[in-house]
Each structure stands twice: as C-alpha cells, then as structure tokens.
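Chains as they are written, first to last, in the working numbering: chain A, 4 to 751; chain B, 233 to 418; chain C, 416 to 601.
It is possible that part of the hints are untrue.
As the list claims (entries may be wrong) - Cβ-Cβ distance ranges computed for the label pairs, FRET-style: (1) B:Cys285 - A:Lys747: 33 to 39 Å; (2) A:Ser562 - C:Ala585: 30 to 36 Å; (3) A:Glu457 - B:Pro386: 43 to 49 Å; (4) A:Lys673 - C:Lys511: 31 to 37 Å; (5) A:Lys747 - C:Glu598: 39 to 45 Å; (6) B:Thr237 - A:Glu457: 55 to 61 Å.
Hint data in this document are derived by calculation from the structure and do not stem from the laboratory. Even for Gly, the Cβ is constructed at its ideal location relative to N, Cα and C.
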Amino acid sequence: MQRRQFLKGALYGTGGTLVALSGLGAATTALNPRRVAAAVPVSRKTVYSSCEMCRNQCPIAVKVENGKVVKIDGNPNDSAFGGVICARGNSGPSLLYDPERIKKPMIRTGERGSGKFKEVSWDEAYTYIAQKLKAVQEQYGGEAVAQTSHIGPYDAFFQTIGKAIGSPNLFSHEATCPMARIIGLNTTFGTAAINADYANTKYLLVVGRNFFEGIHVAQTRAVAKALSQGTKMVVLDPRFSVLAAKGEWLPIKGTTDLAFMMALANVLIDEKLYDEEFIKQYTVGFDKWAAQVKDKTPAWAAKETGISQDTIIRVARELAQAKPHSLIEYGWRTTFTADDFQLRRAIMIVNMMLGNFEVPGGYYQVKDAGSLKKVPAMAAYAKKLGPIKAPSFPKPKKGRIDGTGEKGTPRQLTPIADGAVGQITETILTGKPYPIKAWLVHRFNPVMSIGDTEKTLAAIKRLDLLVTCDLYMSDTAYYSDVVLPECTYLERTEQVFDMSGLTPKYVLRQQAVDPVYPDTKPAWQIYKELGEKMGYGQYFPYKDIDDYVERQLAPTGISRKVFAKKGLWTPAGMKPFYVRSSDAKASLTLLATKSKKIEIFSDAVQEATGDGVPVYVQYPQPGEGEFRLIEGKVAVHTNVGTHNVPVLHELMPENTLWINAKSAAKLGLKTGDAIVISAGKYEHKGTANVTEGIRPDTVFCYHGFGQISPQLTRAFGKGINDNKLIPDQLGLVGNSITSMTFVKVRKA
Amino acid sequence: MEQETAEELYLSFAGIFQRPRPDIARHLEELIDLWAQEIPSSEKVIGELRDFCRAFPAGEARENALWGEYIPLFETGHVEAPPYASVYLDGEGLVLGREAEEVRNFYLSSGYGLGSEQGELPDHLGVELEFLALLAGTGSWDAAQSFRQKHLLPFLRVILPKIRATERPVYSQAAELLTSWQLGQC
Amino acid sequence: MAKHYAMVIQLKKCLGCQACTVACKFENKVPDGQYRTKSPAIGPSGTYPHVKVFFEKQACQMCQDAPCVKVCPTTASHYNKDGLVLIDSHKCVGCKYCMTACPYDARFINKNTGTADKCTFCYDTRITKGEKPGCVSTCVGGALLFGDANDPQSEVARYLATHRTEVRKARFGTRPSVHYDYEGVK
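If we strip away everything but chain A, and leave its shape as in the complex, we get:
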C-alpha cells in the first residue's frame, strides 16, 4: 500500500500531465483553456506572418485548422510574392511538428561533445548561464564574452545581453556571406540599402549568384519575370547552375571576376559607350578608375578569365546598348577572395558607367522612411517606426578581437554590427589579443559555418561557457553547455521589420499557433528573462512583444489591425519611386555619402587599404591534378539550417562532388564512385557526380551537408561537409574566404 501512495502522490499530485475537468481525480494544475477550445470541431483561420525557413522573412499566409498549421502559402496581399513561397517556405509544418526539435532547456551532464544532457527549468538554465557569465566577466572582463547570431529580429534582444555585459565582441554571420558586398556598397554609396530592379531590366549580367537555387522569392520571381519578357541574361560561374541553364553560361575561372569587370570598363571607355553625363553629375574619382583599367584590355582579361576577348567585348556592348536598363548583379555570398569587397565596388562602378541608378531596371536606393524624408515630394510617405528607449550601454573597455573599426587598417571598413566572425576560434585558441572565455550562439552554427570544423571544435573545448539557442540539436548545440529551445517562427510574434523597396513596406511576423512544445520560447522572451536574471532588466524596457510593437507603431499612426488583416503595410497610393525615371538629371538628395556623390574613388577605402579604386590582384589557379573547391546553395535547403527538416531532407538528403567529365576520366571516376577529397590538412569522403556542367579545373558541392551532430538523425554524416575542407581564412575586411581552396580527388 505504501507503493500506491507514492505513485498516486507523484502522478496525481503536482506531477500529473492530465487534469480532471469536473472534479474527477485530484486536479491541482489549472486547465489550459486554449487547449480545450482547440478541440471544438473545425475552426479555420488564415494568419498573415513572415517565413523563417531562411533569413529573407518572406510574407506568408498560414492556414490554421483547429489550432494546427495545415498549409503555408505566400502572402497574396504582397504583389512581389503573389501568393508564392518556395519549397522551404512550403515545408514549414514539417519543421513545426518535427519530433526531433529541442523541447526543453538542457544542461550538459557529460563531457563536452558526449551528447549527455539533462533537462532543466528555464529558471535553472538562466541561473546557470548568469552565474557562469558573471564569473567570466569578473575574471577576464566583459570583453571575454563573444556572441554570434545569424542576423535577424532576435538580435535586438540577443545582443542586448552582450552589450549590457560590456562586450564589444558581437558578431553576425555576414562575414561568411554578404559582408563584402555590404562594404562595397557602404564605401561607394554611403549605405548598403541599395537594391536592384530585376523585373524591369533588359539585360542582366550575373556574377556567380544563383537566383534559381539560392532562392529569394521576390528577387527570383523578378528575374524570372524579366526573362519571360525577353531580357537577356549572361551568367559568370565556374559551374553550370540552374541560373546558367536559363541564360548564356560563361564558365569563368575562379577568382578572376574582377578582371572581367575591369575589361568591361576598359571597353566602355575605349568605345565611349559609358554614360558620361551620369558620371560627371553624380560621381567622384572616375579618372582614377579610368587610369586603373587603361591596360585591362579584353585580350588581357581573356587570359585571366578564360572567357574569350570577343565575348567580353560583346557583353560590354550589349550592356551599353541596353543601358540604363541593364545591370550587373552585385552578388549574394561575397566570399570569393581576400579582397572580394573591391570586386563588389568594381561591379557597382561599371553599373554606374551604365547610368543605371534610380531608373527602372537598374539599381536604386531603398525607399524607406529614412531616405524618403530627404525627398520633399515624397516625405509624406515616410512613417518612421518609434524607437524603443532604453538606457545607454556601458562602453566596452577594450576594442574588438577582430580589429573592426580600427582606423588606418582595412578593418575600419568592417561594419561594427557584423565583425569578422571567423576570428573567434583563432582568438579562443591563441588568447590574442585577449582571451574569449564564453560564447553565446543564437540560431547560428559556427561548427558548420566558420571554416575549419576541427579548429572550431578545438576552440570550443577551451571555453568556460558555450550556450546555444536553436530549434534543433545543431552541431554547435551538441557541443554546448546549455541548450535553449526557441519556438519556431510559426509560434511567435516579433517586432515590425522594414522590407522597403521602391516603396516603404513594413511586415509583421505574427504568431499562428500556440507553441507545439509548450516549454519553447521566443527569443525576445528568452533574452529579456535572462537579462532580468542578470540584473539588466532596464535594457529590456517593455512588457512583452505586443508592447514593443505598439511602441514601434505609435508615431506612425499605422494600426496593428492592418497587419492582422493583410500582414503588411505599404503607403496607400504610392507608386514605385525611382528618382531619375522621368528626369535623368534629377538631384540625388537621398544619397548617403558625405560628398553627396557616388564615390568611385573612396577616401575611406584609400585610408584603409591604400587602394581608393579597385586594383586587380591575381590569385593562384589550381595546378596540375588540383581543383578549386567551390560551393553553393540548393533550392530545397538553407545554409546549414534545414537539412534535418523531414520533408526537405527527403527531397535532398545528401550532396555529391561535381567533377568535369574529362577530369573525371583522367582519374578513372564515374558518377556514384566513392571518392576522397583531400585539402591537404583534412580529407573528406564523398560521392562523385561526373558532369559536363563544370570547369575542368573546378569541383563543386552544395553547402551544409555532412553534419557532425549525431543528434541530427537525418542529416548526420550524409554527404560532404565542405566546411571541413575550407580553412578558416579571413580577407582584408574580415570576410571569410571560400573560393580559394584547392583539393585533390581520388577514388576511395
């Protein structure tokens, strides 16, 4: 009988999961009324929100039946999307209802990397993190805490922790992706908020980007629309991508894109095909650029790039013929070389030679509230979001570990909000310039995203604290001391975000359903609660996310109901606004540079690197028996984040190594052969995909495969982890370098 008393006490007492609704049993837990209400037969609603299967935050319409997400469509109220969403966006319910998600906070109980954890309450997790962080702060200073996140709405909350601690070492993932482009734009236009009007362009030259596999729904649709209207597209890429299949493929030698750009400029000047009026009125430093490209003839570039002189000349002429409605795409992942940002600058300079700024089918400055205010005729459409007022943070006692912001060095150009994330592991291992002892990670997977996986793992072992907040037991979470479960985007509301383009646009992510696993939480709540536990409550001066949204919207006069009804806000009656569409000489009052001109020669770049206009640097090419390893995205996966999502995994569980048919023949390889890829220090097994669609000196694999967390059951160990082969090498401005690795391939 004693036994029975114990069991009854344990399970019918506070420990029970079921409660009697009407006096049956010994209910002590309050009934959750939302759960009961959900049992009423068939209630249907559509919740407008925004996707998070990648970082683009596309507007979506979530169909909910009886409290369950049954289908996700693109938001039909947004004409850029027209109800369309990609495969990843469509697969949202597969993530939401995945039994493999993290469900409760966990603290490690075994050795790091043993995979042994126990579940704890949120309060225990916060207490543990707070104590460890305080200890690091006391012994080493606040700067010994590093934080990394992918980049997104959570940063407003996540980074508050590090700022409150007094750490300067906050990093985004941008250095592993678009940062060189951001710097290229910042130093040329004074802002990175420069978009391209793909839908209306008549001629599109793409440099390595792949709109049709690295899908950004609005931009992909815009390019597809242009193509269907007869736009010509030329694609520079060592690999035959899906995009290349839809245009003219020019299989350029890796890392020589800058030579191609300079030769285009050379032809445009030589044949007087560029827009001289535009250059005169709106730019500075063109003469220095002209001098720089004077000897960069098509004949020279042909040798560098492997693209014939005639082709280069023809492309230059075709671009000029279609100008100003022609454009050269500025790139997405811009980590090709050590000075990739100069390539991005060169691309934009040649664009400006086409005079394609602020006209349909060209580039334009984003028309958000901030830029519109500077244009008197349009100022009425500018509705600036309200600020969230909080006390100012303590000033960090030391500079950043990556030298970001240091005057007179290339890192003065690195955006302070991004930093050189690849520096962290180096600093942890060497203690230089000073130790990093704690690392907080939010929705980012450094083990798979910073070059040299082994180095990252070695660095992790030296930490006093590693905390990861994610949806899955990612590779980094697996090695963490504390793992925090965020709820998915379908289970949370977030602050209003700005998605302005040719008109202002605000989008709101709105909670579609209750959290499937009730102990998962949104980032804003996690970091607010952690902050409060650490005594930093003053930096989170809002009650909850609804309060936050209300404060953002208050000065705009935009009602929250607009978002409930349509999911987004754009100013009524405003047409897409290009400053120069009707007047080619219109003043560019919204330009954000100090000189109020487009800076072909940049003083800042001159000060930082000594090269105020882009200068050609010749990088090594693969020798006999070597291949350049390049990597890219596939339409059904995002970076390293979705490979364990059931339906996406089912569509593409594994990657292969693309190798040119002639090169493969020399090695005696057929498609399907087991191979070993050697980068010298590290090797990786894989499978060969013999194809005509790649340069003979290049091999390619889709990124994000071969994951090393055994707890990603589906994705674990499947395919090639390119990140193991690519060294943790940083460029001038701190960008990771991902296209300069040479490998050898042999039969396994």
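Given the coordinates of chain A, assemble chains B and C onto it according to the supplied hints.
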C-alpha cells in the same frame, strides 16, 4: 487483475516513460518490486533493472543517468523512438496529427484535459498510460478498454519494439515488461 | 458547356525548385516518402561548355482516354463532370491494376489509406473553391498555367491556341490534359 493493481501498473509505466523526475528516480526500486510481483517476466529483466539501481544509487547520479538515456531515446536530436503516437500512426512522421487530436478528444470526453504545467502533448506514451491509470482508478472499465484497443495498443505495437531495440538501461527493460503485460509476449 | 480543366507547363520557366512538390505534400497530406508530383532534372546534356538542363514536372496527366479508368475493376477510377480523372477511395480495393496501366507512372498506393492515390488538380480542396491547384499557386518561376480549356477566354485556352505544345507519350493515345511547352529547353 484487480482495479488497484491495474492502476498501479499503469501509473508505474506512466512514471517511467514520462520525463525523468526526482521522485520517480528515487522510488525506482519500488517500481521494480511492483513489476517483479505482478508481471510474469524473466528474472533477467528484473536483474538488469536492479543492477542499474545499484550502479546509480538514488540521487543526482541516477537522475542524470536516466536523462542520459531519455533524451536520445525520446526527446531531442537523435530521437530513437519518438514517444508520440502521431509520429507512427499518422504516416507523416510528425507530431500533433490526427491521432493526437483523437486522443485529446477522448480525454475530454472522459472529463480530463491536459494541464499546462507539464506541457506535454496528448499522445505522449507516458500521458496515455497515465490516462489509463485514471480510468482504472475510477473503475471506468469500458472507457479503459475502448481507449486501450483504439489508441494504446496500436501505439505500443510500434513503439515498444523500438525502445527494446535500443537496449538502453531501464527503458528497454520497462518496454519489455510493458510488452509482456499489455501485448502478452516477452 | 462542361468544363475541361487543363494545365500548361512552360518548361523554360521551371526552376526545379520543388516548391510545387512540397506544396502538394501539405495540401493533400501525402505521406512521408510519397509524392503526387515531382520535378526531376532532365539532363544535363551536351558537352562542356555547351550544356543544357531543364526540369520536367511530372504528375497525373489527367488523360481524357485514361488507361487507369479502363482497367479499374471497381470503377473507383473515374471521370468527373469537369473532365478530371479522380479516384473514389471508398471503392478502391488497392489492386494496383491502374498503376500498371498508367504510362506516366503517376500513381501509388497511399501508405495511410491503402488505396490508389495521385494528383487531383486539388479538385476538392481548391478548384471547387475557385482557387488554382496548390502547385500552380506556389510556382516560383511562374511556369504553370491552369484553367478551363473549354473556355476560349481562359489563360490556358489562349495559350494553347497560340503556342506549340506537346503531350507526353502521345503514342499511347491517352489524350492528356497536361500540356508541355518545350520551347527554349530542347
């Protein structure tokens, strides 16, 4: 089987298959006594369970050992046997499917709802077993039989072999005992 | 006049992104590992650097002279009033005759229902509500057109009247309602 014994057995398995808790971990020996007494089973299984108790005396070490098995078995990442019926019975490998809905409605029709404190899904193995304990305790035999046939048994037939196959201490033995009791086989 | 729903696939606009593949799975609750539609790559063909590849969406071709309907022993496979080939799952006995007869390999036995399954153009869930099929609505490349081919004003009718399109495996005389425009890819 007597009403009280059935209730006790359901409760004991509910206790084991829900997330590890200090009180259950502390009283593991008593659960083993109950199983040894009520379920015809090989001495081997009971012996293995007692070995575990000796290797991990009640307290933090035992709780951590149970977590070390529970998380990879049921919870996060490398989930060897997701403990939710929908994952198996709905064909899509996802939680909160039709089966979960039906189970929840069954609870409601019997006068029970899910508490918000523990935050568990309705078709978690431990919750279904707890529900049967509640029905057994109140002598609701018809409802218990109906729930068992419609929901518990089809679930047990797929999940118990998976748990047993992992050979994880405590859980695989408990699965074997539950197989023996509910599915009439060893 | 009776309706005749038809689809046009403009191959050059298809990106092979599989948005349709996934949309279909959720729209129609297609079980794990099974598909009503897929868009595999055809190629690459040619020799470096003159290479081609395209993607060909594959699903039920909605034949007007459908072998599956002819061989179905229980009349589960039938034509509906709007010219579509549909399956009455209550009548289907899972004999697989239709799967053998289909020249397009468009059918499978649904793991959950045990009956034959295939594309319905989302007849019940979308078309009858005035919406386009799930794949058409989510097509990122804008490659899919859908409508009533009997209505000369419809987008599909106008397209078919002005473009050269093909049906797959015309030699079987099945008269499909899905039309492929290979312009720009072959």
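Here is what the structure says about each hint:
no., hint, result
1, B:Cys285 - A:Lys747: 33 to 39 Å, "55 Å, violated"
2, A:Ser562 - C:Ala585: 30 to 36 Å, "57 Å, violated"
3, A:Glu457 - B:Pro386: 43 to 49 Å, "46 Å, holds"
4, A:Lys673 - C:Lys511: 31 to 37 Å, "35 Å, holds"
5, A:Lys747 - C:Glu598: 39 to 45 Å, "43 Å, holds"
6, B:Thr237 - A:Glu457: 55 to 61 Å, "56 Å, holds"
In terms of the numbered hints stated before, the structure departs from hints 1 and 2, listed from lowest to highest.
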